[in-house]
Structures are given as C-alpha cells and as structure tokens.
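Generate the whole structure from the sequences, applying the supplied hints.
Taken in order, these protein sequences are the chains called U and E.
Last residue of the first sequence: number 149 in our numbering, and the count goes up by one each step with no gaps.
Last residue of the second sequence: number 149 in our numbering, and the count goes up by one each step with no gaps.
This list has only true hints and no planted wrong ones.
For chains that are exact copies, the list does not tell them apart, and a pair is met inside one copy or across any two.
As a list, the in silico DSBU-like pairs of lysine-lysine whose alpha-carbon atoms are at most 30 Å apart:
hint: 1; residue 1: Lys126; residue 2: Lys85
hint: 2; residue 1: Lys110; residue 2: Lys85
hint: 3; residue 1: Lys126; residue 2: Lys110
hint: 4; residue 1: Lys110; residue 2: Lys73
hint: 5; residue 1: Lys85; residue 2: Lys73
Hints listed in this document are in silico derivations from the structure and should not be mistaken for laboratory results.
The structure displayed is predicted, hence computed values, not measured ones.
2 protein chains.
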Amino acid sequence: MLIEIDFSSDEAIYQQLCNQIILGIATSRLSDGEVLPSVRQMADEIGINMHTVNKAYTILRQEGFVKVDRRRGAFVSVSDRNRERAIRLVEKDMRVILAEARCRGLSKQDMLALVDRIYDEYDGVIRTDDK
Amino acid sequence: MLIEIDFSSDEAIYQQLCNQIILGIATSRLSDGEVLPSVRQMADEIGINMHTVNKAYTILRQEGFVKVDRRRGAFVSVSDRNRERAIRLVEKDMRVILAEARCRGLSKQDMLALVDRIYDEYDGVIRTDDK
DNA sequence: CACCTGTTATAACATTAGTATAACAGGTGG
DNA sequence: CCACCTGTTATACTAATGTTATAACAGGTG
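Next up, the structure:
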C-alpha cells in the first residue's frame, strides 16, 4: 500500500502513518493477515527514521489493529471486536466533530448523508448519485 | 459555562478549551452573541496561564466561532455559514473516525444511529428509546 | 553463520505547550 | 484626566514531545 506523508502538516508523522494504515484496512487496500513492511523498510520507503515507524506500529498494536509474529513481523489483525467498547471509543471523537458541524449550520441530515456516503465508499459500493 | 480541563490528558489544554466551547455552542449552553469570560478571568478560573486561553480564543476566532468587540471582549459568533465549505472541513476528520469504526466491526447502521443519537442530544430532543 | 524481524537504550536536536512578566492600544466610566 | 477593563504583542524560560541517529540485543529463518 502506498503511504503518503505530508511533512508540512501539523499532524505528527507517526499519527499520519497510523491513520493511513487504518484507512487502508477500512478500504480493503490492506486485508486481514496481510504483512506490513518492516519498520526499517517502511522508514526507508518514506524517508523517515525507523523509530517513527516503530512508534506507529506500537500504537496500532495497542489499539488492536496490528499484531506481531516473531517470524514474519507486523501484520494486520483486527482483534478486539467488542461492539459496545468500539462505540464508546468512537463516540468521544464523534461528539467533537458533530458539535463543530452543528455550529457551522450543518443539519442532522447533512451528517447522516456524509456518513452514508463515506461508508459506501469504504465498502466499495458504486453510487448512482441517488437523491 | 463550566469549563473542565483534564490536566493528565494527552490533549493540549488550549485544544480542550476550544473543544469545550464548541461543544457549548452546539448544545446551546453558549448562545450566539454571548460574551465569553476575559482571557485573564478564564485563566484564573481554570488555574492556567492567560496566554493559553488567548491561544484558544485566537484559534476559535480564526475558525469562525468567536469574534472580538474592542468594547466588550470576546463573544460567540458563528460567522461562516458556507455549507459546502463546512462539509469539506468536517469530512476529513469524519473519514478517519469512520475508518476506525469500520475496522472495529461497526456497521454503517451503527454509525448512523450514533450520529442520530448525538445530534438529537445536542438539539435537546428527549428520546423515548425508539428502536 | 549471516540475515531478517521487532525491541530497547541512549543521546541529541527541533518544535511545541505552557508559564511568567511586562508592556501597549483601544474603550469605559468615574 | 484617570483608573480599569479589554485583547494583543514581545520576550524569556521550562517542560514535554517529535524526530533523528547510532547501537545493541533476542528470537527466528535459511
């Protein structure tokens, strides 16, 4: 999977890396069980330090998106599938986003439509622009 | 409005302050035109430095949630109501959240329900737990 | 044994967050 | 005019964080 880092972003490199890998899993560009490039290889490809990649992998492991096999290295593995816990994890961030959206005059329907559209996109559904 | 800061959070103080004020506007605990405490007063109340509050106010001003009247000080004023731009601003963060949600096994319906619930909460709608 | 994996340790450097002190310009009310 | 309020700016300092650099180690592969 192609990783693109914006070095002028105010978002930390390791954070961008985490997000892109999670995006990759969600959009099936990374499939369950797929081996990730080694920390050294990924660092070389992107042009950053090994430790920055390692930090991203460590976080992804803690959050349950990645596991490590001593033989093969890091690979995609979404372990924790506890529904209630997952909702709780997402809810806090969602509250901040929805607050901002509401302040900017966006309606509930606007946000439901946005979620619907992005989710379909992740699912690979071809939309015929149904209004 | 009561502001609560978690000093052991990994989220910056000024960021927490911004979020809480936006949350306050979204939930109508802060109404349009309402004057915010002065940077010095707010800093004293919370127990932080004046500059940290000033940083939050400056960001809120840049993002269009607050304006400054030389006579009265800072007050709530959601200026920019451009719908397309608002959606674009929210979309990027939403993509990250939805990717994480999808990886954790949450369905589109789960997320639509979450958005629906939080939005109603912000609107002050009393839900009769309709399934 | 050479080579790969993640992991750990240590040091150095740059940027950011937060605090502290002080000053300034504009506006208000005595 | 004067004291007092507002946000704003400047400067300096400390602490934490992000990133890099170099090096070493244990486990597994061929």
